[in-house]
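J.: First to last, the sequence lines map onto chains A and B. Counting from 1 along the first sequence, just add 421 to a position and that's the residue number in our numbering. Counting from 1 along the second sequence, just add 1398 to a position and that's the residue number in our numbering.
For the record, the hints were derived by calculation from the structure and aren't laboratory data. Quick caveat: nothing in here was measured; it's all calculated off a predicted structure. Cβ coordinates follow ideal geometry from the N, Cα and C atoms, glycine included. Certain hints may be false.
Claimed, not checked - Computed from the model, here is a short list of chain B residues facing chain A with C-beta under 7 Å:
1. Q1475
2. G1517
3. M1525
4. G1526
Stated by the list, open to error - Far from chain A by the CB rule (all over 12 Å, computed), these chain B residues:
5. Q1489
6. H1523
7. I1602
Spelled out from the first residue to the last, the chains are:
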Amino acid sequence: MITTKDLTKVYRSRGREVTALDGVDLHVREGEVYGVVGTSGAGKSTLIRCVNMLERPTSGSIVVDGLDLTTLPGQEHRAGRDLRTARRRIGMVFQHFNLLSSRTVQQNIELPLEIVGLDRTQRRRKAAELLDLVGLADKARSYPGQLSGGQKQRVGIARALAGDPKVLLSDEATSALDPETTRSILALLRDLNRQLGLTVLLITHEMDVIKSVCDSAALMRGGKVVESGELTELLATENSELARELFPLGEFGHGRPGNTVLEITFQGDTSAQPFVSQLARTYQIDINILGAAVEHISGRMVGRMRVELPGVHQENVVPIGFLREQGLQVDVLNEANGALA
Amino acid sequence: MTWDQMQELLWPATAETFQMVGVATVATILLGLPLGLLLVLTDKGGALQNLPVNRVIGAVVNIGRSLPFIILMVALQTFTKSLVGTTIGWQAAAVPLTIGAIPFFARLVETSVREVDGGLLEAVHAMGGGTWTAIRKVLLPESLPALVSSATTTVIALIGFSAMAGTVGGGGLGTLAVNYGYQRFETTFMWVIVAELVVIVMIIQLISDFIVRRLADRGSFGGTTRLLRSRRTEITEEEEELALPH
Ligand SMILES: Nc1ncnc2c1ncn2[C@@H]1O[C@H](COP(=O)(O)OP(=O)(O)O)[C@@H](O)[C@H]1O
Ligand SMILES: [Mg+2]
């Protein structure tokens, strides 16, 4: 649905150059919720602004729903007619909502419809439908200034959906909201994704957002995508940074020097197997459980456990092989310091 | 001079002042508003970015603002004569008043429009809106309270300048004050005129404050008042409600 190829964006200001995007390849499939995560300044906003050409990339291509946007003339506020038409099919929600304070909620939602040229009756009907969809039917006549942050973002989402887009872009849509409101907005995005088959590309700096709604994720650093894929795949990938971030066990103990510390990740049915006791029985070793956690990640049960085996890595090659044979993912941490081996 | 005599002179002069200021205000808004918008739009990062044009407009506006009004009146005499056919009376005074007020108002418009959150423009562009949509649907409505304040400041300045124009044959309350207060030593009458001007300015300011407050209120409380908004919409909505079966 969204494919970027070798996307590069270099900002030039007063002789200085900032490479905000450095060869980004992203592939968002139709109907999925795709999250891009990274620290501030990683280039996330630049990336998402390139997807609807609010920012024209320095090089590379962006194909949305089969249309290569980089071939359309114009950028940001000087977009040509074709680009403007293409943008109507890409919804966008913003961190600070960007609602017009001079318009009521209903009038805000009608704005994109006015741009398309729908008549009053059609606009009203569509706005009423959308307000229903986001659960704000009773707020049609309120002004944005009278709403809470969560309600404002619901209006922002309704407005973004007015043009029946196939793609919804969200730049830190929940970053200005408290945790509870964040949860409800994320749930709404998830519902819309399922009900309408909407493809969602969202940007966030919070792992929790990725964990609760995304099917796939990409980790950005210094303008590059350093890791990307489906969450379930990432969790099954050894030494995946994203998986580690999604599922941190950092607060657990790191074991004693001279021993081997393993992080075992199990998904779905493997979680039913009593592998710890099997391991202990088969190899006659004492296993020390340092910590364990089970979570739901993109709708699946995922567990992670940190265990300590006596002896250094070389002495434990066989038990580790046994665990891997059981379909478990095993990461070996360096003895004593908890860093990856 | 009796109160009746004063009244006989006051009302026609007041009417002249109102006409002079009224015409100048309308013309100033019609010409100054686009100029102010252009100052923003042609600037760096603006939708119509064109720095040479921006510099030229900026320079013209600055020169216009720094010219003393009396000089402008004299300098514009030929232009005024070709436009309205005379150089005396309120019609003639309205011309330099307008020319003098346009740069003043344009700068106020510029400041007001710059206050509009850039995120709103981004939103309207993301929806597929163009420059004209951005001006009509975002820049103007969102800066309306500030624009009303700016227009008020301009009207009040125009009243002051109209009195000055009156001293050199512009008609209105200014002429009256010079003819009677200065040349015939009718001090009381002059203070009556001054008082009237003060009252007019105060009333305009009060009305403006009221409108601005109501417009700004949309953002917080009392969202029921929608002054200066499409009255047609309100009426049809009321009609719809009335038409519901009871
Ligand atoms: N308009 C701009 N002009 C110059 N540099 C910019 C501009 N926008 C972003 N940058 C720079 O590009 C980098 C990436 O920014 P951004 O995409 O906003 O990151 P993120 O959203 O991940 O925090 C930063 O170093 C930022 O300073
Ligand atoms: Mg950002």
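J.: Beyond 12 Å on every Cβ pair: is that true for H1523 of chain B relative to chain A?
T.: violated (5 Å)
J.: Grab the minimum C-beta distance from G1517 of chain B to chain A and call the hint holds if it beats 7 Å, violated otherwise.
T.: holds (4 Å)
J.: Taking the shortest Cβ-to-Cβ distance between I1602 of chain B and chain A, state whether it exceeds 12 Å.
T.: Holds, since 23 Å exceeds 12 Å.
J.: With chain A as the partner, please determine if Q1475 of chain B meets the hint condition of a C-beta pair closer than 7 Å.
T.: With a minimum Cβ separation of about 43 Å from chain A (threshold 7 Å), the hint on Q1475 of chain B is violated.
J.: Taking 7 Å as the limit, does the beta-carbon of M1525 of chain B come near enough to a beta-carbon in chain A?
T.: Interface hint status for M1525 of chain B: holds (4 Å vs cutoff 7 Å).
J.: Go through the hint on G1526 of chain B and say holds or violated, using the shortest Cβ distance to chain A against 7 Å.
T.: Cβ of G1526 of chain B sits 4 Å from chain A, so the hint holds.
J.: Would you assess whether Q1489 of chain B, listed as outside the interface, keeps its beta-carbon beyond 12 Å of every beta-carbon in chain A?
T.: Non-interface label on Q1489 of chain B holds, nearest chain A Cβ at 37 Å vs cutoff 12 Å.
Going through the hint list in order, the structure does not satisfy hints 1 and 6.
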